[in-house]
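**Q** Using the sequences and the hints, build the whole thing.
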Amino acid sequence: MRKIWDIPGGIHPPENKTQSLQTAVAVPPMPEQLVLPLIQHAGTAARPVVDAGDQVLKGQLLAEPGGAVSAAIHAPTSGLISAIEDRPVPHPSGMSARCIILIPDGRDQWCARRGLDDYRGASPTALLDRIRDAGIAGLGGAGFPSAVKLGPPQPIDTLIINGAECEPYITADDSLMQERAAEIIEGTMILAHILDNPGTVLIGIEDNKPRAFEALRDAVAQSPTAQGIIEVVEFPAKYPSGGEKQLIQILTGNEVASGRLPADLGIVCQNVGTAYAVYRAIRHGEPLISRITTVTGKACAHNGNYEVLLGTPIRHLLAHSGFDRDSCGRLVMGGPMMGFALLDSDAPVTKATNCILAGGRDEFPPAPPAQACIRCGLCAEACPASLLPQQLFWYAQAGNLERLEAHDLFDCIECGACAYVCPSHIPLVQYYRAAKGEIRQQVGEKAKADHARQRFEFHQARLARAEAERTAKREARRLATAAAQHRVATAGDSQAAGPGLATGAAGDLLKAAMARTAARQASPEQQRAKLERALEAASDRARSAQARLAAAEAEGADGEQLDKLRARAEEARLKQQDAEHKLQAFAHPPQPPADAAESP
Amino acid sequence: MTSTRPSSPHGHAPLDTSAIMRCVLLATIPGLVALTWNFGWGSLINVLLASALAVAIEAAIIAARKRPIIFYLRDNSALVTACLLGLALPPLAPWWLVAIGTVFAIAIAKHLYGGLGFNPFNPAMVGYVVLLISFPVQMTAWITPRDLLPEGVDLPGLWQSLQIVFPLLGTPELSDGFTGATPLDVFKQQSGLLVAQIYQQEPLFNRAEITSYGWEWVNLGFLAGGAWLVYRKIFTWHAPLAMLAALAIMAALFYDGGSSTSGGSPLLHLLSGATMLGAFFIVTDPVTSAVSRRGRLIYGAGVGILVYIIRVWGSYPDAVAFAVLLMNFAAPLIDNYTLPRTYGHDRPRKATEKKQ
Chain R
1 MRKIWDIPGG IHPPENKTQS LQTAVAVPPM PEQLVLPLIQ HAGTAARPVV DAGDQVLKGQ
61 LLAEPGGAVS AAIHAPTSGL ISAIEDRPVP HPSGMSARCI ILIPDGRDQW CARRGLDDYR
121 GASPTALLDR IRDAGIAGLG GAGFPSAVKL GPPQPIDTLI INGAECEPYI TADDSLMQER
181 AAEIIEGTMI LAHILDNPGT VLIGIEDNKP RAFEALRDAV AQSPTAQGII EVVEFPAKYP
241 SGGEKQLIQI LTGNEVASGR LPADLGIVCQ NVGTAYAVYR AIRHGEPLIS RITTVTGKAC
301 AHNGNYEVLL GTPIRHLLAH SGFDRDSCGR LVMGGPMMGF ALLDSDAPVT KATNCILAGG
361 RDEFPPAPPA QACIRCGLCA EACPASLLPQ QLFWYAQAGN LERLEAHDLF DCIECGACAY
421 VCPSHIPLVQ YYRAAKGEIR QQVGEKAKAD HARQRFEFHQ ARLARAEAER TAKREARRLA
481 TAAAQHRVAT AGDSQAAGPG LATGAAGDLL KAAMARTAAR QASPEQQRAK LERALEAASD
541 RARSAQARLA AAEAEGADGE QLDKLRARAE EARLKQQDAE HKLQAFAHPP QPPADAAESP
Chain Y
1 MTSTRPSSPH GHAPLDTSAI MRCVLLATIP GLVALTWNFG WGSLINVLLA SALAVAIEAA
61 IIAARKRPII FYLRDNSALV TACLLGLALP PLAPWWLVAI GTVFAIAIAK HLYGGLGFNP
121 FNPAMVGYVV LLISFPVQMT AWITPRDLLP EGVDLPGLWQ SLQIVFPLLG TPELSDGFTG
181 ATPLDVFKQQ SGLLVAQIYQ QEPLFNRAEI TSYGWEWVNL GFLAGGAWLV YRKIFTWHAP
241 LAMLAALAIM AALFYDGGSS TSGGSPLLHL LSGATMLGAF FIVTDPVTSA VSRRGRLIYG
301 AGVGILVYII RVWGSYPDAV AFAVLLMNFA APLIDNYTLP RTYGHDRPRK ATEKKQ
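If you read the sequences in order, they're chains R and Y. The first sequence runs 1 to 600 under the working numbering. The second sequence runs 1 to 356 under the working numbering.
No lab work stands behind these hints: they were computed from the structure. These figures come from a predicted structure and were not determined experimentally. Any given hint could turn out to be false.
Using 25 angstroms as the maximum straight-line C-alpha spacing, the simulated PhoX-like pairs for lysine-lysine come out as follows [what the hints assert, rightly or not]:
| no. | chain 1 | residue 1 | chain 2 | residue 2 |
| --- | --- | --- | --- | --- |
| 1 | Y | 354 | R | 446 |
| 2 | R | 436 | Y | 350 |
| 3 | R | 298 | R | 17 |
| 4 | Y | 354 | R | 436 |
**A** This is the structure in structure tokens:
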């Protein structure tokens, strides 16, 4: 038996997993349309390679990766691309984003597939390319593009397949492991091959899934290749054991250093769903176009797992599950601990959608108003990262970002264990998310300010250089003039016979200087235009200063800032007045007194 | 469907703050029973009187602060403060003593600092110390345990007890002499005697089953209630155990073989005075103690050491209140330097660390 380590903290919320495990994985009817967001993964959006009006086949590439960390998107069935437009997507903010809309034609006709009978003959890079082309992104919920994770620069000695599924209610991985154990094992072997056969290959499962554990263990025993290589490990159920960092700690006793990746420890972690998708992609040449999603909760008459085409509107899945909107207290994508509430059931199932939880009103009643934090410390006892959530809350409220960082806010995995146990019902995770956002924003602003300062300093340096050059030129001219005068003087002395010539030379110099001045003296029209321009610029400045002041007042800026802006606006106004006066003075030069003009 | 955007997690554990406070109240029952059995109705009257006053004061202040009264009263925190103060005060204390203590605890120590969760000092102990400094005579008048009363003297009955507490109810007809010294008083006053001699002279000790008659059962009662709270995971064992261990170690170090300068045996210190009440109901007050496990160990040990120092070398016979208030001062400092080691970090950090 493998040694199992414990993680600090953790909680045991009611599992609620049995209700969705009563039936085998089913296939819902084909929806009327599929909505495929260009971002279904962590990273940059995919780039569409089809246009509205195109006919596509099942499995055909619709969008290619939009960058190094991105994933391709394929047609989940054959049909017509009706549009590429903004649609509601599953996101905590309830936002809309670019989606490819596919109207199924009902024929479900595959494009050409090229599977590999023997992956061992292929090089890891070739296999990685196939995984990238298949658009596989972590199916555990985070949706990180798998090809990136599977090609780390570091040597890997441990491959961990995550079958923990520690969130209550979700049974997508459980049912997959029970029903498709052999494929998962095969997928795991492919992953091991890509990673140059790490010495340790583990599949970790919580002990509340005995059937999945047995299925995988049997599948390993029956596989001639996996036997003796893959070890299926069972460990005590405790939320959040399925977090990547926590699972690594449970199975290896090691911790991923703060701000580093598992690969730095020589570990790669993949979800069982990802291993299955990799198997389909390599063995059968099928891109990632469907996934297993749990539909559960008291607001659904039938709870179960579905093999859902990506892009299937959640509304369609719910309708198929006997969803009762009136009895639904909360519609959540993901589990009850880390999932987010959905505003709109038009949003589609994506690569990361492991669960649709339609909780009844009594199941997820609205949170009671938060009471005061009594620093009871239940949160600290529950935290798997050994943070002090009560102190983080205190400093988040106070906006003390420095203390938040000293208390390792950024090591918070937002698992929600602290908020789950908080007897005062404080939405702790929400405070931490907000504080992290604030710190990130501050870091960004500081970078911008630093950049601006550098530019300013460079500008000042350039001005100083230009000034120095001008000074040097002036000095050179002065010296030249002095030398010329000296020459003239000496010439006058020496050539007493030709004073006209001497004065002629000096006169030339004088004339040239006067000509230069005259050239600089513009015509009256030019002078007028110049003054008008000055007035226009001054008015512009005065207007914008006034606008800035008004904006600051509306925002409720602090007194000091307002005073500064007021002073600036006043200054700009005075300058504008000044410019007006000058222009007037130019246009209407003071007339001599009338009587003086009339006098003979 | 709700129209607001609820944030994860969407579920919640059943335990809430009111329930925690209720558990603490329930856990005081064994100690309260032992107090009542040994010293009569006084403690029960203290607790009930302080509770009624505390709820009234709390409601008045919440109203003055323009907050929803029922919502704040429901957290039961005022009841806990009042209950602990009532248990700590000498039985049969006059009503005004209880009233002044409760006003100080709730109005000043709790609400003037911002209410529940914001008070730096334990409200019950603030109330207690104010009374101890202001009214030393009333505060040091304890009662002799029921079975050690002289022949012909009885503890006051319920009505008589009420008359003692509320003189307006009439003058009670009482046999005199039911007040007496506590074990810690005895030890403080009997300088020049060997421990063995004190034990021989005093029925408080020589009739005791373990170490001090009556008091040992009161302390065991609070220990039982506290152990139940630890079992229910209302708080962790760290602070109480650290306090008891530190107190016992101090007592063992300065036991001095039972000489005339001895501070008393570890068992005497553990099972006399307010030791167990302090360890499981005062030191564990989460608001005013340190937050991390390591912090709570240090905090508890600090209380234990201070309790011994003040008991033995200070001018007061018991010291839990002073020790707790002193450590309340230190708690934020302790917090700064006792952060746990976060996942993925080599060593614990300090709260005062600046970013590089």
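**Q** If a hint holds in the structure, say so; if it does not, say that too.
**A** Outcome of the hint check:
Between residue 354 (chain Y) and residue 446 (chain R) the alpha-carbon distance is near 16 angstroms, which keeps this suggested pair within the 25 angstroms criterion. Using a Cα cut-off of 25 angstroms, the hinted pair residue 436 (chain R) and residue 350 (chain Y) holds, with the two alpha carbons roughly 19 angstroms apart. Taking the CA atoms of residue 298 (chain R) and residue 17 (chain R), the gap is near 12 angstroms; set against the 25 angstroms cutoff, the hint holds. Of the supplied pair hints, the one linking residue 354 (chain Y) and residue 436 (chain R) holds, its CA atoms being roughly 17 angstroms apart against a limit of 25 angstroms.
Checked against the numbered hints given earlier, this structure breaks none of them.
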